[in-house]
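**Student:** Which chain is which? The protein sequence lines are A and B, in order.
When the letters of the first sequence are read in order and numbered with this note's numbering, they come out as residues 1148 to 1260.
When the letters of the second sequence are read in order and numbered with this note's numbering, they come out as residues 164 to 282.
These aren't lab readings, by the way, just hints derived from the structure by calculation.
Glycine included, each C-beta is placed from N, C-alpha and C at the ideal position.
A few of these clues could be false.
Covered by chain A, according to a simulated footprint, are these stretches of chain B (three or more residues, beta-carbon under 8 Å) [as the list claims (entries may be wrong)]:
(1) 205 to 216
(2) 271 to 282
Calculated pairs, DSSO-like style, for lysine-lysine (alpha carbon to alpha carbon, straight line, at most 30 Å) [as the list claims (entries may be wrong)]:
(3) A/Lys-1204 <-> B/Lys-179
(4) A/Lys-1158 <-> B/Lys-201
(5) A/Lys-1158 <-> A/Lys-1204
(6) B/Lys-233 <-> A/Lys-1158
(7) B/Lys-269 <-> B/Lys-201
(8) B/Lys-179 <-> A/Lys-1200
(9) A/Lys-1217 <-> A/Lys-1200
(10) A/Lys-1204 <-> B/Lys-166
(11) B/Lys-166 <-> B/Lys-201
(12) A/Lys-1248 <-> A/Lys-1204
(13) A/Lys-1248 <-> B/Lys-269
(14) A/Lys-1217 <-> A/Lys-1204
(15) A/Lys-1158 <-> B/Lys-269
(16) A/Lys-1200 <-> B/Lys-269
(17) A/Lys-1200 <-> A/Lys-1158
(18) A/Lys-1248 <-> A/Lys-1200
(19) B/Lys-179 <-> A/Lys-1217
(20) A/Lys-1204 <-> B/Lys-201
(21) A/Lys-1158 <-> A/Lys-1217
(22) B/Lys-269 <-> B/Lys-166
(23) B/Lys-166 <-> A/Lys-1217
(24) B/Lys-201 <-> B/Lys-179
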Amino acid sequence: DAGITQSPRHKVTETGTPVTLRCHQTENHRYMYWYRQDPGHGLRLIHYSYGVKDTDKGEVSDGYSVSRSKTEDFLLTLESATSSQTSVYFCAISENRDNEKLFFGSGTQLSVL
Amino acid sequence: AQKVTQAQTEISVVEKEDVTLDCVYETRDTTYYLFWYKQPPSGELVFLIRRNSFDEQNEISGRYSWNFQKSTSSFNFTITASQVVDSAVYFCALSRGILYGGATNKLIFGTGTLLAVQP
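So here's chain A without its partners, still in its complex pose (with noise of 0.2 Å):
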């Protein structure tokens, strides 16, 4: 099993706080990727990091940041929690761009309340 640690693993807020999930991995790959998974869309991309320092959004981005200090952590923030926001979200990672296989976390349920 790919080494890919999500936290936290539930949580839940209050409409309008900020809130950051985690992503570690222990893999040393370059490609992290945070996608969120909603009952009939599927899972969706929000953001995703090619380097330390270096990201990109997805396709549903807005209300969220993402920040990547260390090429094993990948934060993803966000800003003023909604309630649309309610939802699992999981940490994948690649060690090449090419598509390669994701190895993904056991991601984290987050309910905005």
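Could you slot chain B onto chain A? The hints should help.
**Tutor:** The following block gives chain B in isolation, referenced to the frame of chain A:
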């Protein structure tokens, strides 16, 4: 635009039955990749297969087989002699080929098919 359609929301079969999960994709790219992932009840997504657009050979891995047909833009997944452990949500996904630059692992996922295998 790229799109993946998994029209089967839920499928229920009895153990030992064969089952086919459908995947239809849309893309204007000439080079692309298709994937299948499995999400068991534990929640973590597990890679099953990757196929590039130039390789239309079918693939078999144990009880699993995949049928890729560019003519119908389909990449269907068949489980032979299903088992209870096959119960999961299965996702089909699409990504662009390297010719289009950027991080090509930006997968476009279908909405998934929930497979329930009854004992």
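**Student:** Look at each hint and say if it fits the structure.
**Tutor:** Hint by hint, here is what the structure shows:
1. Residues of the segment 205 to 216 of chain B with a Cβ under 8 Å from some Cβ of chain A number 8, which satisfies the need for three, so the listed coverage holds.
2. Residue count for the segment 271 to 282 of chain B with a Cβ under 8 Å from a Cβ of chain A: 4. That meets the three needed, and the coverage hint holds.
3. The suggested pairing of A/Lys-1204 with B/Lys-179 is violated, with an alpha-carbon distance near 44 Å, which exceeds 30 Å.
4. Between the alpha carbons of A/Lys-1158 and B/Lys-201 the distance comes to roughly 25 Å, so the proposed pair stays at or under 30 Å and holds.
5. Simply put, A/Lys-1158 and A/Lys-1204 have alpha-carbon atoms about 24 Å apart, close enough for the 30 Å limit, and the pair holds.
6. Straight-line distance between C-alpha atoms of B/Lys-233 and A/Lys-1158 comes to about 43 Å, which puts the hinted pair past the 30 Å bound.
7. Our distance criterion of 30 Å between C-alpha atoms is met by B/Lys-269 and B/Lys-201, whose separation comes to about 18 Å.
8. Straight-line distance between C-alpha atoms of B/Lys-179 and A/Lys-1200 comes to about 50 Å, which puts the hinted pair past the 30 Å bound.
9. At roughly 8 Å between alpha-carbon atoms, A/Lys-1217 and A/Lys-1200 fall within 30 Å of each other, so this suggested pair holds.
10. Taking the CA atoms of A/Lys-1204 and B/Lys-166, the gap is about 18 Å. The hint holds against a cut of 30 Å.
11. Distance hint between B/Lys-166 and B/Lys-201 is fulfilled; the C-alpha atoms sit about 19 Å from each other, no more than 30 Å.
12. The suggested pairing of A/Lys-1248 with A/Lys-1204 holds, with an alpha-carbon distance near 20 Å, which does not exceed 30 Å.
13. For the hint linking A/Lys-1248 to B/Lys-269, the alpha-carbon distance of about 11 Å falls within 30 Å, and the restraint holds.
14. For the hint linking A/Lys-1217 to A/Lys-1204, the alpha-carbon distance of about 19 Å falls within 30 Å, and the restraint holds.
15. A C-alpha spacing of about 26 Å is found between A/Lys-1158 and B/Lys-269, which places the hinted pair at or below 30 Å, so the restraint holds.
16. At roughly 18 Å between alpha-carbon atoms, A/Lys-1200 and B/Lys-269 fall within 30 Å of each other, so this suggested pair holds.
17. A C-alpha spacing of about 26 Å is found between A/Lys-1200 and A/Lys-1158, which places the hinted pair at or below 30 Å, so the restraint holds.
18. Pair hint A/Lys-1248 plus A/Lys-1200 holds up; C-alpha atoms about 23 Å apart against a cutoff of 30 Å.
19. The straight-line distance between the Cα atoms of B/Lys-179 and A/Lys-1217 is roughly 48 Å, outside the 30 Å bound, and the hint therefore fails.
20. Under the criterion of a C-alpha separation no larger than 30 Å, the hint pairing A/Lys-1204 with B/Lys-201 is consistent with the structure, at around 25 Å.
21. Proposed proximity of A/Lys-1158 and A/Lys-1217 is supported: the alpha carbons are some 24 Å apart, at most 30 Å.
22. With a CA separation close to 13 Å, the supplied pair B/Lys-269 and B/Lys-166 stays within the 30 Å bound.
23. Note on B/Lys-166 and A/Lys-1217: the hinted pairing is violated, with a Cα-Cα distance of about 33 Å set against a maximum of 30 Å.
24. This hinted pair checks out: B/Lys-201 and B/Lys-179 have alpha carbons roughly 19 Å apart, not beyond 30 Å.
Hints 3, 6, 8, 19, 23 from the earlier list are contradicted by this structure; the remaining hints agree with it.
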